[in-house]
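Peer 1: Let the hints inform the model, and build the full structure from the sequences given.
For the protein sequence lines, the chains are U and R, in the order given. Take the first sequence: its letters are residues 164 to 620, numbered as in my numbering. Take the second sequence: its letters are residues 164 to 620, numbered as in my numbering.
Derived from the structure by calculation, the hints contain no laboratory data. If you're wondering where the values come from, they're calculated on a predicted model, not measured in any experiment. No false leads were slipped in.
Where chains are identical, the list cannot tell them apart; a pair therefore holds if satisfied intra-copy or between any two copies.
Simulated crosslink set (DSSO-like; lysine-lysine; CA at most 27 Å straight-line):
(1) Lys171 - Lys418
(2) Lys201 - Lys361
(3) Lys573 - Lys242
(4) Lys171 - Lys242
(5) Lys181 - Lys171
(6) Lys418 - Lys257
(7) Lys291 - Lys257
(8) Lys328 - Lys529
Listed below, chain by chain, are the residues.
Number of protein chains: 2
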Amino acid sequence: MDNKIPYKIYLSENELPKQWLNLRAFMETKPAPLLNPKTLKPMTAEELSDVFCYELAKQEVDDTTPYIDIPDEVRDFYKMYRPAPLIRAYCLEKALKTPAKIYYKFEGNNTSGSHKLNSAIAQAYYAKQQGLRGVTTETGAGQWGTALSMACSYFGLDCKVFMVKCSYEQKPFRREVMRTYGASITPSPSETTNVGRKILKEFPGTSGSLGCAISEAVEASSTNEGYRYVLGSVLNQVLLHQSVIGLETKTALDKYGEKADIVIGCAGGGSNLGGLIAPFMVEKLQGKADYKFIAVEPSSCPSLTRGKYAYDYCDTGKVCPLSKMYTLGSGFIPEASHAGGLRYHGMTSTLSELYHQGLMEARTVKQTEVFEAAEQFARIEGILPAPESSHAIRVAIDEALKCKQTGEQKTIVFGLTGTGYFDMYAYEKFHDGKMTDYTPTDAELQKGFDGIPNINL
Amino acid sequence: MDNKIPYKIYLSENELPKQWLNLRAFMETKPAPLLNPKTLKPMTAEELSDVFCYELAKQEVDDTTPYIDIPDEVRDFYKMYRPAPLIRAYCLEKALKTPAKIYYKFEGNNTSGSHKLNSAIAQAYYAKQQGLRGVTTETGAGQWGTALSMACSYFGLDCKVFMVKCSYEQKPFRREVMRTYGASITPSPSETTNVGRKILKEFPGTSGSLGCAISEAVEASSTNEGYRYVLGSVLNQVLLHQSVIGLETKTALDKYGEKADIVIGCAGGGSNLGGLIAPFMVEKLQGKADYKFIAVEPSSCPSLTRGKYAYDYCDTGKVCPLSKMYTLGSGFIPEASHAGGLRYHGMTSTLSELYHQGLMEARTVKQTEVFEAAEQFARIEGILPAPESSHAIRVAIDEALKCKQTGEQKTIVFGLTGTGYFDMYAYEKFHDGKMTDYTPTDAELQKGFDGIPNINL
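Peer 2: As structure tokens, this is what we get:
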């Protein structure tokens, strides 16, 4: 064991980043802009600010400013749970008998249980600054809704969460955490919106979907005065806020003279991975250092590995702007899996473009393999990981085992985005041998591709 | 805001205590010894080692060695989640508009969700050293069972947990966390022990009790070769291991030149409070400094505030040694409450003796007041506390508000023993206005007192 490097590297509060890193500003070929679904022209900040807070809309379209100041109020909140530890997985290395050095950035040490809080607090701050009364959002697995509830509570904002009905019923404890923070939670589809009523009429007894919950949340933001809609992933603004993950990780490694060889993260909408790799990717883009980046996605929802790079709708209801991204089609409904946070048909435009340029790799893993890694990790490193995060653990272990074969002492860094305390139902399935895997056939994927609009700009 | 003191004080790994503090060694009048229930004579380490691991039995009876080395293997495990942060509650101070300085030692940043892991890993270590195959225990709320499962998994020991049947059914997720760590969980009463079968025959359909689960776990340790019984609170050995909480707290305060005026902890069996106050109490006993210590107990189970100081049985089945303690009687069944960890009829002998000597205060609080404080704290400080821990929060807030009235700038330190992620059912009751309070009448307490044996030594 290298005695100089502790198990947990905690940066001091002074080392907390003062600015977010805007990865797009460093890219020569920028990610394609969002398109207005009616005009098919690039969305301006003004247009976006009908739905989003104005400052966030500005951040969304800004692909030139390399660093953006983190407001003091947001930094003060960050100090309650950040800097997050970078942990040297000594026990895992020993158990795997690998020469590789393994580090993970742990974002689960806060009540929301994940990295989502990093962007939630920023979005709530800008909403408060704009003098809004509150915000609306949707949540599936519940991590984003929880994070936003905490952030809104802190700034005294109202928070209306549309929670996919089946999650609302299956995850009553997630719901109660949000209620503890004063949020109002509505099972979606609901009778409170036009779109909800329409869907309920058409599909009585439906247990809802993320696409529907988004539509309800967007509608509620427009019909309630003083409200805007906020979103926890996919958007550029979210990647910007999440860069705090990567910046802290890089500072911690630099401090101990460590250089990552491989950086691994799970990828649903891309918020965590985009944030984690940001400062490393900048060095790669500038030719200062080389890194291997691996995005890990579930075999049931393989947007990067098997999707098409095209303009597509971000939501099932087709009311949101179009984004150029790797997509399975907005009509693709991924098989139910226990990693709700990774069940998105597309991928944030920034990561899509980087992947398209060959600057990043992607890999799919099966659910049961993921839970094997999750349980192994929990037993060895003590932390019970979220199913989403465990996708990264799976690949980190695989890479460490490769090093064992080749004898290479690579430095592997992965993002441990959250804890699995509210996912024990999934662990139960796994323990009882009732968990199954799913990989869509080419024919099944084709159906989703058929719904992608034909837009060539 | 005092800029010199960060929100979170993280000690370095080098500052992790190398020795536990044995508070009894500093007491002039020692806590009374455990008595053999058959002979009513003080238990020797040899006698105790029929049930407990030998090293732990030695620690149990040792009231003279002031410091005991923490084995390297245990310290290595501690490094995965310790030193635990001492947090300056800047946000709470501001919200309360109090001149008081408030600090809390947060023990919830590990998968077991509480301080219980500090002793679980020590007990598992000594079991492994002794060459045992495994250990047995009982769990009610589930935090101890979870901690022990993690500890046993780390050392490759088998772990048999008897979980009170109503908890087993109501808290399936707690159960799954334990299964993730490879423990076998049996709902108690069960058909696997004589005592379980007897109880099931006598009370068909019973949902179990902690007293019964203890009896089953003790029986299982004696009928399975290579097993011993372990316990998560009440015992002196547990207080010894938990001294790591107080030692870290004091080191952190000293580092910033802070001196506590009031130290507050919730008290069920006394493990957390005994550990937190240990080094401060030593200074008080030595006349080096004065501190006000407050033990907080639920009004439904007021062992210190309304109990008798007498020798009593530690378990309902009366098979365990007798302990001199503040007790409500081993037959006292506390009203069901949402702070399962505080529903013990007695109090560890060390704290009982200190309280008897007037070195410590005690206070009761009502359940609904506790949850009000819990929710307030969650919203302001971001951490969702366990119901047990929230008893300490309630009194810390009360003391801070007193300072607001008097204008005194006292320094208040309290123990935040754990998180409430598996207690959301209780929060739901609170949100829905369905939570009630309970305070036993004198007549009800008298029934419990009637069962206390008449032992005068």
